[in-house]
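Colleague: Chains R and C, in that order, give the protein sequences.
According to the numbering used here, the residues represented by the first sequence are 33 to 286, in order.
According to the numbering used here, the residues represented by the second sequence are 101 to 372, in order.
There may be inaccurate statements among the hints.
[To be verified] The calculated label-pair distances, taken between Cβ atoms and stated as ranges, are: (1) R:161 x C:358: 46 to 52 Å; (2) C:303 x R:275: 37 to 43 Å; (3) C:103 x R:273: 41 to 47 Å; (4) C:215 x R:251: 47 to 53 Å; (5) R:161 x C:303: 51 to 57 Å.
No wet-lab data here; the hints were simulated from the structure.
Virtual Cβ for every residue (Gly too), placed ideally from N, Cα, C.
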Amino acid sequence: MKQKDVLIKISDLKKSFPGGTEALKGVSFDVYRGELLVIVGASGAGKSTLLRCINGLSAISSGSIVVDGIEVNGLKGKKLRQLRTDVGMIFQSFNIVNRKRVIDNALHGRLAYYGLRGVLGLYSFEDKKKAFEILARLDLEKQVAKRADQLSGGQKQRVAIARAIMQEPKVLLADEPVASLDPGASSKVLGYLHKICQEEDITAIVSLHQIDYARNYADRIIGLTEGVVTFEGGPEDLDDEAIQELYFNEEEEE
Amino acid sequence: MDRNMENNLAQLKKSRRPGQLRLLFAIILVIVAVIWSWAGTGFSIPAIMRGVPRIYNFIIDDLIPPRFDSWQKFLNPTLQTLYMAYVGAIFAIILSLGLGIISANNLISNRLIVYLGRGISSFLRAVPAVAWAVILVAAVGLGPFAGTIAIALGGAGMLGKTYADSLEEIDMGQVEALKAVGASWFQVLTQAVLPQFLPDFFTWSFYRFDLNIRSAAVVGLVGAGGLGFSLDTAIRLFQFREATMGILWIFGLILIVEFITAKSRDKILEGL
Numbered sequence: 033m034k035q036k037d038v039l040i041k042i043s044d045l046k047k048s049f050p051g052g053t054e055a056l057k058g059v060s061f062d063v064y065r066g067e068l069l070v071i072v073g074a075s076g077a078g079k080s081t082l083l084r085c086i087n088g089l090s091a092i093s094s095g096s097i098v099v100d101g102i103e104v105n106g107l108k109g110k111k112l113r114q115l116r117t118d119v120g121m122i123f124q125s126f127n128i129v130n131r132k133r134v135i136d137n138a139l140h141g142r143l144a145y146y147g148l149r150g151v152l153g154l155y156s157f158e159d160k161k162k163a164f165e166i167l168a169r170l171d172l173e174k175q176v177a178k179r180a181d182q183l184s185g186g187q188k189q190r191v192a193i194a195r196a197i198m199q200e201p202k203v204l205l206a207d208e209p210v211a212s213l214d215p216g217a218s219s220k221v222l223g224y225l226h227k228i229c230q231e232e233d234i235t236a237i238v239s240l241h242q243i244d245y246a247r248n249y250a251d252r253i254i255g256l257t258e259g260v261v262t263f264e265g266g267p268e269d270l271d272d273e274a275i276q277e278l279y280f281n282e283e284e285e286e
Numbered sequence: 101m102d103r104n105m106e107n108n109l110a111q112l113k114k115s116r117r118p119g120q121l122r123l124l125f126a127i128i129l130v131i132v133a134v135i136w137s138w139a140g141t142g143f144s145i146p147a148i149m150r151g152v153p154r155i156y157n158f159i160i161d162d163l164i165p166p167r168f169d170s171w172q173k174f175l176n177p178t179l180q181t182l183y184m185a186y187v188g189a190i191f192a193i194i195l196s197l198g199l200g201i202i203s204a205n206n207l208i209s210n211r212l213i214v215y216l217g218r219g220i221s222s223f224l225r226a227v228p229a230v231a232w233a234v235i236l237v238a239a240v241g242l243g244p245f246a247g248t249i250a251i252a253l254g255g256a257g258m259l260g261k262t263y264a265d266s267l268e269e270i271d272m273g274q275v276e277a278l279k280a281v282g283a284s285w286f287q288v289l290t291q292a293v294l295p296q297f298l299p300d301f302f303t304w305s306f307y308r309f310d311l312n313i314r315s316a317a318v319v320g321l322v323g324a325g326g327l328g329f330s331l332d333t334a335i336r337l338f339q340f341r342e343a344t345m346g347i348l349w350i351f352g353l354i355l356i357v358e359f360i361t362a363k364s365r366d367k368i369l370e371g372l
């Protein structure tokens, strides 16, 4: 590993929802610059909530998240948008704009750098060139002019990756990026994600529920169980015993 | 095991009961409402029976055949009706776009603004176009101007609500993704909300234009210009055959406009 330079510092993060459910119960960990951190855990363990707190899509209840020196908690309006330009996000359901072309979706990643021109969807030549280049690196050069709803799931997720990379983010959050894809498309998408993050020197936090993918791609793994960090270590440390504890120990309680 | 199943069945039975009670209550309510309104309107089948020959006589003696030679009289009013419907639709669409957006609870986080938007739409909708026309004819005088505003206000009530409902149905994942790239509210609106909303927008707007043709014909009856005004004039002068000609014009206009809007709507939706 490269030098251990902390990019994101999460301390005693708590998040409760209005109904009273406590999704995160005091989570603390650091994310190092340049690493690919995988968060594993069963459904409902709080993986999505954790990622959504990092770019302020969910407001946290207490604690602190510092991204490259900026405290996320309490950010609003322009400052929050500024933070988000540094933090790309990829979703389980792709969330690309289906009725727009692939190239338009990639260019959406640049919106924060435009004002009214972004409202009208007018982008500079340089940005268009860049979008073509990134889409080509994701092997989507034949799809650039197609409408997004004509693509397969795996292609849609690659468009979403292109959109995030267009932001030139410092960190990329991927929330179950392959949960709605078949195994073939899944490893392909994760492969592209891994490769492009390395090439662009982007720190990535990826939540996954498939252990083998986590072992394949992670520099480091964090395990969440019911809103608490129950595992932290390298992929080689995630042995059967650790997995057992992460996924199967809730049943004993019931 | 069997006793278990019996228990389950009993539970199922119990769970259904409230639904059945509610259904019974609803049926009784409908029956009461029918009887009440029957009495209230003085609806009587013998009166219909007695009326049929009179309607028949009126149609045969007074309405038919239409005075085809009077067709030119209705040419300008027809065009006027068309203009009223069209301009009324444009104004209604512009007004409703604003109303629809502020009434959509997934786009506006301030509850108060959403209630305000919904309230304005409800109010506009609650007043029929003819009632707006009566008020506006008194305010700005006879003619198509009053009719156009009346149609616009009536239409905005409906479109404001349908736009808002359509906007609330969009996939918020796409909206959230653009928020996550740091896009501004207006950027999210045009780049993620609008693309999803456009098909519904065109469908409802064209439908409103169809309805406006009917409204435009009707508001004329209270003096707000167009075919209705000419029709009313003819009836007041007992020129019933001329009136029949006017009704034929309205009929033709509606058919032609519906045909054209259906075609253009399909073309536009195809291209979206």
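Colleague: With reference to the structure, classify each hint as holding or not holding.
Modeller: Status of each hint after checking the structure:
1. For the pair residue 161 of chain R and residue 358 of chain C, the supplied restraint of 46 to 52 Å holds, since their beta-carbon distance comes to about 48 Å.
2. Between residue 303 of chain C and residue 275 of chain R the Cβ separation comes to about 51 Å, which falls outside the hinted range of 37 to 43 Å.
3. Roughly 43 Å separates the CB atoms of residue 103 of chain C and residue 273 of chain R, a value that falls within the hinted 41 to 47 Å.
4. A C-beta distance of roughly 50 Å is found between residue 215 of chain C and residue 251 of chain R, which places it inside the suggested range of 47 to 53 Å.
5. For residue 161 of chain R and residue 303 of chain C, the Cβ-Cβ distance of about 38 Å falls outside the hinted range of 51 to 57 Å, so the restraint is violated.
In the structure shown, a violation is registered for the earlier hints numbered 2, 5, in ascending order.
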